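J.: These are the residues of each chain, in order.
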Amino acid sequence: MTTAATTTRRTLIPFGPQHPVLPEPLHLRLVLEDEIVVNALPAVGYIHRGIEKLAELKDFQQNVFLLERICGICSFIHSLAYCQGIEELMQLDVPPRAKYLRVVWSELNRLHSHLLWLGLLADSFGFESLFMQVWKTREKVLDLEEATAGARIMLSTCAIGGVRRDLSDEQIAQVLHGLDAIERDFESFIPAVITDTTVKHRLVGVGVITQQQAHELGAVGPVARASGIARDLRVTGYAAYGELGLNPVIETDGDCYARTLVRVRELHQSLLLIRKALKRLPATPIAVPVKGNPIGEVVSRVEQPRGEVLYYLKANGTKTLERVRVRTPTFANIPALLAMLPGNELADVPVITLAIDPCVSCTER
Amino acid sequence: MFPFVTTILRALRRGPATRRYPYEVRPPMAGSRGHLVNEPDTCIYCGLCVRRCPAGALAVTREPKSWTLDPYRCILCAYCVEVCPKKCLRMEPSHVRAAS
Amino acid sequence: MLHNVTDVTVATLLDAVAARFPQGYRLITLTCVDCVDNLEVLYHFYRNYELSHLRLCVAKGTVVPSISGIYSCAVIVENELKDLFGLTFDGLVLDYEGRFMLAADAPVAPMLRTAPAQAAARNGELKMEP
Ligand code: SF4
Ligand code: SF4
Numbered sequence: 001m002t003t004a005a006t007t008t009r010r011t012l013i014p015f016g017p018q019h020p021v022l023p024e025p026l027h028l029r030l031v032l033e034d035e036i037v038v039n040a041l042p043a044v045g046y047i048h049r050g051i052e053k054l055a056e057l058k059d060f061q062q063n064v065f066l067l068e069r070i071c072g073i074c075s076f077i078h079s080l081a082y083c084q085g086i087e088e089l090m091q092l093d094v095p096p097r098a099k100y101l102r103v104v105w106s107e108l109n110r111l112h113s114h115l116l117w118l119g120l121l122a123d124s125f126g127f128e129s130l131f132m133q134v135w136k137t138r139e140k141v142l143d144l145e146e147a148t149a150g151a152r153i154m155l156s157t158c159a160i161g162g163v164r165r166d167l168s169d170e171q172i173a174q175v176l177h178g179l180d181a182i183e184r185d186f187e188s189f190i191p192a193v194i195t196d197t198t199v200k201h202r203l204v205g206v207g208v209i210t211q212q213q214a215h216e217l218g219a220v221g222p223v224a225r226a227s228g229i230a231r232d233l234r235v236t237g238y239a240a241y242g243e244l245g246l247n248p249v250i251e252t253d254g255d256c257y258a259r260t261l262v263r264v265r266e267l268h269q270s271l272l273l274i275r276k277a278l279k280r281l282p283a284t285p286i287a288v289p290v291k292g293n294p295i296g297e298v299v300s301r302v303e304q305p306r307g308e309v310l311y312y313l314k315a316n317g318t319k320t321l322e323r324v325r326v327r328t329p330t331f332a333n334i335p336a337l338l339a340m341l342p343g344n345e346l347a348d349v350p351v352i353t354l355a356i357d358p359c360v361s362c363t364e365r
Numbered sequence: 001m002f003p004f005v006t007t008i009l010r011a012l013r014r015g016p017a018t019r020r021y022p023y024e025v026r027p028p029m030a031g032s033r034g035h036l037v038n039e040p041d042t043c044i045y046c047g048l049c050v051r052r053c054p055a056g057a058l059a060v061t062r063e064p065k066s067w068t069l070d071p072y073r074c075i076l077c078a079y080c081v082e083v084c085p086k087k088c089l090r091m092e093p094s095h096v097r098a099a100s
Numbered sequence: 001m002l003h004n005v006t007d008v009t010v011a012t013l014l015d016a017v018a019a020r021f022p023q024g025y026r027l028i029t030l031t032c033v034d035c036v037d038n039l040e041v042l043y044h045f046y047r048n049y050e051l052s053h054l055r056l057c058v059a060k061g062t063v064v065p066s067i068s069g070i071y072s073c074a075v076i077v078e079n080e081l082k083d084l085f086g087l088t089f090d091g092l093v094l095d096y097e098g099r100f101m102l103a104a105d106a107p108v109a110p111m112l113r114t115a116p117a118q119a120a121a122r123n124g125e126l127k128m129e130p
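Residue numbers (this note's numbering), protein chains in the order written: chain X, 1 to 365; chain F, 1 to 100; chain A, 1 to 130.
Keep in mind the hints are simulated off the structure, nothing from the lab.
The structure displayed is predicted, hence computed values, not measured ones.
Take the hints with a grain of salt, since some may be wrong.
Derived DSS-like pairs (lysine-lysine); straight-line CA-CA distance at most 27 Å [unchecked claim]: (1) X/Lys53 <-> A/Lys60; (2) X/Lys291 <-> F/Lys86; (3) X/Lys291 <-> F/Lys65.
A few chain F residues that don't get close to chain X, going by computed Cβ distances all over 10 Å [as the list claims (entries may be wrong)]: (4) Leu12; (5) Tyr23; (6) Ser32; (7) Cys43; (8) Leu69; (9) Tyr72; (10) Arg73; (11) Ile75.
All C-beta atoms, glycine included, are put in the ideal place defined by N, C-alpha and C.
My request is simple: use the sequences and hints to build the entire structure.
T.: Structural data, given as structure tokens:
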């Protein structure tokens with residue numbers, strides 16, 4: 001049996017920037033040996049918008065709205081990271097009610113982001129009806145965001161020194177009611193995600209990285225937590241997370257299935273956090289006045305649905321900032337993605353790519 | 001087999017989950033940021049909204065008195081509404097189509 | 001405010017970074033700041049939620065040693081800085097040669113600070129019709 005099987009041919013396959021499973025343009029140059037990936041090289045830059053540069057031209061208040069638009073999914077959390085940085089520079093004391101409301105909106109963002117991702121993952125392995133069901137539920141989260149913040153995606157409710165909108169008692173009741181409906185929906189589709197044989201067949205053992213690799217490559221968020229690294233910046237207690245308390249969700253297998261489980265369990269965690277925050281909402285003002293201009297350097301980090309985001313801000317005492325640097329979670333997860341791909345089949349590349357929940361607009365800013 | 005029959009029956013009873021969109025429009029939610037309007041009677045043409053607008057969507061002149069909004073640039077952030085000293089700006093909940 | 005900042009030079013950078021790797025520090029990212037006369041590169045690390053930074057101040061045009069041999073994940077951010085700030089790194093494990101983020105017809109090193117007049121002109125450009 002010493003026929004052609006001993007000679008392997010290398011093929012170069014361009015994956016993306018346009019590909020049915022990719023919501024955004026990301027290009028991977030895949031080197032294949034037969035059907036198995038041996039190497040992958042990323043190329044980005046298709047949607048670089050120069051937001052960091054623009055942020056040096058706008059004043060520090062306007063930047064809240066600009067930086068929120070880095071990401072079309074976790075928009076609120078971007079503005080939160082920025083506002084917390086400026087608040088630290090200006091030594092503003094954010095009122096407790098604003099902190100709790102920030103948690104509520106952050107977790108609504110996380111809910112709809114994880115649901116969006118779950119739908120896209122289902123789509124990537126051809127489970128269309130699951131995709132539809134998940135996005136139907138996501139719509140309910142977006143409705144809650146519109147009812148509380150006035151917009152489905154660009155909430156624009158975070159401000160330096162607090163938040164822009166308050167919730168009335170009716171709105172709180174509406175959100176709690178909405179969460180119950182969302183939780184009922186979870187019961188209808190989450191068992192299908194985590195127990196279905198075909199779903200497991202596509203996810204278990206696919207795209208594995210070990211804890212050691214995840215640590216050295218600087219993976220963040222659910223990718224790191226699925227490899228057993230208990231790292232979640234919400235534990236540091238920014239906004240009101242310190243008072244609400246939470247434990248990072250971790251799994252240890254480091255494959256696509258573990259990443260799915262982490263996010264699914266985080267869905268329930270988010271529901272719990274929103275309910276707790278709304279129950280304990282303190283009756284204080286929602287913002288403090290902002291006077292003067294920021295000065296100094298600061299690093300502000302918060303946990304986004306995809307992992308840790310870092311904001312480095314340098315202010316010089318004028319209205320405009322000298323430097324705004326954003327390191328988004330997907331940027332940190334690209335090295336991990338490249339480590340996951342080798343050894344897997346070409347047919348699994350879309351699933352693995354989506355399992356890190358890539359947000360390319362964020363990556364390029 | 002049997003659970004699927006119940007699923008089908010339930011789906012038939014409930015009808016489609018989607019709205020027949022252009023014919024059936026969901027009423028806008030209260031407090032939604034749909035589009036920006038100005039009360040020209042109260043406006044004092046101070047230009048504060050112009051200076052604060054992050055998108056450069058507004059233009060104001062004192063003489064002749066004019067306040068113009070470029071709806072294509074406006075990102076509906078409502079920052080102008082917040083800073084206006086006369087509170088003559090407001091956000092209407094209904095969304096307008098891009099080409100109207 | 002920024003705490004835990006250690007100043008390094010081009011000569012001591014690699015040793016400082018190599019000392020951190022076995023201590024379990026994780027590299028978050030690199031930040032480049034244009035201070036008009038020179039460039040400042042900040043290396044952000046963290047361990048157990050504690051941040052620590054290295055600050056490298058170099059004249060424009062200096063060749064900075066790449067840390068991608070130690071922290072392989074640094075390679076993408078170093079390529080980004082190379083594109084956006086025109087920094088040159090020595091010993092990049094993977095070099096996109098200035099085509100990581102920017103296309104061939106893009107402006108060169110667009111993140112560098114320009115003279116105020118130019119910045120104003122650019123600001124004006126941004127206000128042009130869409
Ligand atoms: S801030 Fe208000 S009063 Fe002043 S110009 Fe704008 S709309 Fe008119
Ligand atoms: S809503 Fe925002 S973008 Fe629109 S005009 Fe007002 S400040 Fe400008």
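J.: Hints first: check each against the structure and report whether it holds.
T.: Here's how the hints hold up against the structure:
1. X/Lys53 <-> A/Lys60: Roughly 19 Å separates the two Cα atoms, so the pair holds.
2. X/Lys291 <-> F/Lys86: Holds: X/Lys291 and F/Lys86 sit about 21 Å apart, inside 27 Å.
3. X/Lys291 <-> F/Lys65: Violated: X/Lys291 and F/Lys65 sit about 31 Å apart, past 27 Å.
4. Leu12: Since the minimum Cβ distance to chain X is about 16 Å, F/Leu12 lies beyond 10 Å and the statement holds.
5. Tyr23: Fine: 19 Å to the nearest Cβ keeps F/Tyr23 off the interface.
6. Ser32: violated, 5 Å
7. Cys43: holds, 21 Å
8. Leu69: It holds; F/Leu69 is separated from chain X by about 16 Å at its closest Cβ, greater than 10 Å.
9. Tyr72: Since the minimum Cβ distance to chain X is about 16 Å, F/Tyr72 lies beyond 10 Å and the statement holds.
10. Arg73: Label holds. Min Cβ-Cβ 13 Å, cutoff 10 Å.
11. Ile75: violated, 7 Å
Consistency note: the structure conflicts with the earlier hints numbered 3, 6, 11.
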